[in-house]
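> With the hints as extra help, turn the sequences into a complete structure.
According to the numbering used here, the residues represented by the sequence shown are 35 to 192, in order.
It is worth saying that the hints were derived from the structure and are not from the lab.
Each statement offered as a hint is correct.
Cβ-Cβ distance ranges computed for the label pairs, FRET-style: (1) F179 <-> Q123: 21 to 31 Å; (2) D166 <-> A192: 17 to 27 Å; (3) I39 <-> A177: 45 to 55 Å.
By construction, the Cβ of each residue, glycine as well, lies at the ideal position given by its N, Cα and C atoms.
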Amino acid sequence: MQAAIVYAKTEAGRAEIGTRQHKLASPVRSLLLLVDGQRDVIQLRRFGETLRAPSDAIEQLATLGLIAPAGSAAAAPEPANAAPSPAAQRYITLSGLMSEAVREHLGLRGFMTQLRIERCGSVDELLALLPDISAAIAKARSAEFAEEWERIVRSAIA
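Structure follows, in structure tokens:
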């Protein structure tokens, strides 16, 4: 059995993290953050499913030149601290939970809220937005539901 391909970010992929030049959809951007030169394509696809990224998200990133097979000339070597930091993991988890709640409970009414989530660049910015999302969920569902949802979200990133 052949080993699964391991991807690493290219220099363009690293630059994309800061510049957002390609305006990647939030799940695809989150998947790019998880590419570290150590996880194989099978693990990345599982992450992609969890993030609700398109099934071809890895191929999209490769086509854009943001990732390449690890060890190839295009792949940039990862710095010593390449594993996603706890803050990066919290960001990915929090933005995913918030985006999912907006889609599920607010529908089209949540479009502007979703854009606000996608503009957040840190856990602190997402946490500042959390009360607004809870209030919108309370209005759409109930105050009790929103309180429970926020409690679950906060415990997931604790």
